[in-house]
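J.: If you're matching them up, the sequences are chains L and G in order. Following our numbering, the numbering of the first sequence begins with 1 at its first residue and continues without gaps. Following our numbering, the numbering of the second sequence begins with 1001 at its first residue and continues without gaps.
Hints may be right or wrong, so weigh each one.
Some chain L residues near chain G, calculated using beta-carbon distances under 10 angstroms [as the list claims (entries may be wrong)]:
no. : residue
1   : Glu126
2   : Leu128
3   : Val155
In silico DSSO-like cross-links for lysine-lysine, where the CA-CA straight-line distance does not exceed 30 angstroms [as the list claims (entries may be wrong)]:
no. : chain 1 : residue 1 : chain 2 : residue 2
4   : G       : Lys1193   : L       : Lys106
5   : L       : Lys163    : G       : Lys1210
6   : G       : Lys1138   : L       : Lys84
7   : G       : Lys1138   : G       : Lys1069
8   : L       : Lys132    : G       : Lys1031
9   : L       : Lys132    : G       : Lys1193
10  : L       : Lys42     : L       : Lys163
11  : G       : Lys1138   : L       : Lys132
12  : L       : Lys163    : G       : Lys1183
13  : L       : Lys163    : L       : Lys132
14  : L       : Lys144    : L       : Lys163
15  : G       : Lys1183   : L       : Lys106
16  : L       : Lys11     : L       : Lys41
17  : G       : Lys1183   : L       : Lys42
18  : G       : Lys1210   : L       : Lys132
19  : G       : Lys1031   : G       : Lys1069
Here are some chain G residues pointing at chain L (derived, C-beta under 7 angstroms) [stated by the list, open to error]:
no. : residue
20  : Arg1021
21  : Asn1058
22  : Leu1063
23  : Thr1065
24  : Ala1130
25  : Trp1134
26  : His1215
27  : Leu1219
28  : Leu1220
For the record, the hints were derived by calculation from the structure and aren't laboratory data. In this text, a Cβ means the ideal position worked out from N, Cα and C, and glycines have one as well.
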Amino acid sequence: MGDIDDITKEKRVVFVTVGTTSFDALVRAVDTPEVKNELFKKGYTDILIQMGRGSYTPTRASAENGFPALDYFTFSSSIADYLKSASLVISHAGSGSIFETLRLGKPLIVVVNEDLMDNHQSELAEELAERKHLYCARPQTLYKTISDMDPGSLVPYQPGGAKPVAELIYRYLGFPED
Amino acid sequence: MASSNIGVLLTIGVITVLVIRIIYVIHRSRKPLHSKSPRSLSTLIVLGSGGHTAEMLNLLYVLQTERFKPRYYIAAATDNMSLQKHMCLRIPCSEALKEVGGAEFMQIYRSREVGQSYITSVGTTLVAIAHALWLMIKIRPQVILCNGPGTCIPLCVIAFLFKVLGIRWSSIFYVESIARVRKLSLSGLLLYKLHMADQLFVQWPQLKEKYPRAHYVGLLM
């Protein structure tokens, strides 16, 4: 990365979101000195964690040498504003927050929760990672993903739509097409 | 002896008629519903949690409101986020009611919570079915739109039975979640295997390859 003095002039927020349940392994991983220091080295100034119902509470801190500032909250009625002001999003693998982030064009690291019973969620993250729309990590590999990542090389996501579904439904029900 | 023989014959007769009727319903469901275009169809929309709701909303925004009314929304009882989200995303509830020519919001017991084991799911599913039956008798929709999760299964099974018994003919549309890339969800798989969905949409080409009767529609989000 370039000159750190230049970068720290503006706020560069990493927004971490676990969604409507809890994902302690992710919050814990973000709260390690290695990950925080790596984020600092990449030029991020603040870490904001939406921790949900988790029992692990990270340590609030202001920015100090080698570490970004860290703050957290449990829930918010809408995370859209946090996503909009973020420079990097680290999210659980739920499709809602994945696509909300991609549609905003924000660099995204999806961390798969391996404790869920039916772990189909990794399918989506892995497929989108293969298409270079995001990075896919596990809590234990988050550090490595951050240190290897190059957000500029991600491919912007082109939003899809439900038109094809509507057309098929119309045709099936005998409605004229739009 | 004779009466038990008659009993057996009757049972066989009833089963035969039911099987023929089920085959007819499945066969009929493969083809478009109307030859002439209908004016409007009463529509049941099953809302799920978080990401599911976002996908359903994307579909509802492109569907013409006047073709699908009155609208009935059903959400899982523990999932109070999705109904609220739908109501406040566009306009307040009262406005939405006027706009779609009568819409009702209802809640249903969940057959399975995210993370609940499959074994305890059996009991909760039975409760959910009873509740679903009550709601379906009240609504008797002509169109059912659902995209998982498990909440929609009891509703779709009942809708299918209504078709078999001639109570109400409905068209069931199931949109598999965008999160399903390589395998259908349990709900999707059940509706596919049992031929209960009139049309089943998938968002990834891998699924179309694996389940040829599905319709590939690309990503909704």
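J.: State for each hint whether it applies.
T.: Status of the hints after comparison with the structure:
1. Glu126: Hint holds; glutamate 126(L) Cβ to chain G Cβ min 8 angstroms, cut 10 angstroms.
2. Leu128: For leucine 128(L), the interface hint holds, since the closest Cβ of chain G sits about 9 angstroms away, which is under 10 angstroms.
3. Val155: For valine 155(L), the interface hint is violated, since the closest Cβ of chain G sits about 14 angstroms away, which is over 10 angstroms.
4. Lys1193(G) x Lys106(L): Not OK: lysine 1193(G) and lysine 106(L) at ~39 angstroms, beyond 30 angstroms, violated.
5. Lys163(L) x Lys1210(G): holds (23 angstroms)
6. Lys1138(G) x Lys84(L): Since the Cα atoms of lysine 1138(G) and lysine 84(L) sit roughly 43 angstroms apart, the hinted pair is violated (cutoff 30 angstroms).
7. Lys1138(G) x Lys1069(G): holds (15 angstroms)
8. Lys132(L) x Lys1031(G): Roughly 39 angstroms between the alpha carbons, so the hint for lysine 132(L) and lysine 1031(G) is violated.
9. Lys132(L) x Lys1193(G): violated (34 angstroms)
10. Lys42(L) x Lys163(L): Distance ~40 angstroms between lysine 42(L) and lysine 163(L) Cα, so the pair is violated.
11. Lys1138(G) x Lys132(L): violated (48 angstroms)
12. Lys163(L) x Lys1183(G): With a Cα-Cα distance of about 23 angstroms, the restraint between lysine 163(L) and lysine 1183(G) holds, given a limit of 30 angstroms.
13. Lys163(L) x Lys132(L): holds (25 angstroms)
14. Lys144(L) x Lys163(L): Violated, because 40 angstroms separates the two Cα atoms, which is more than 30 angstroms.
15. Lys1183(G) x Lys106(L): holds (28 angstroms)
16. Lys11(L) x Lys41(L): The given pair, whose Cα atoms are some 14 angstroms apart, holds under the 30 angstroms limit.
17. Lys1183(G) x Lys42(L): With Cα atoms ~37 angstroms apart, lysine 1183(G) and lysine 42(L) exceed 30 angstroms; violated.
18. Lys1210(G) x Lys132(L): Distance of about 24 angstroms is within 30 angstroms: holds.
19. Lys1031(G) x Lys1069(G): OK: lysine 1031(G) and lysine 1069(G) at ~22 angstroms, within 30 angstroms.
20. Arg1021: Since chain L brings no Cβ nearer than about 22 angstroms to arginine 1021(G), farther than 7 angstroms, the hint is violated.
21. Asn1058: Holds. Min distance 5 angstroms.
22. Leu1063: holds (5 angstroms)
23. Thr1065: It is violated, given that the least Cβ distance between threonine 1065(G) and chain L is near 12 angstroms, above 7 angstroms.
24. Ala1130: violated (25 angstroms)
25. Trp1134: violated (27 angstroms)
26. His1215: holds (6 angstroms)
27. Leu1219: holds (3 angstroms)
28. Leu1220: holds (5 angstroms)
Consistency with the previously given hints fails for numbers 3, 4, 6, 8, 9, 10, 11, 14, 17, 20, 23, 24, 25, ordered from lowest to highest.
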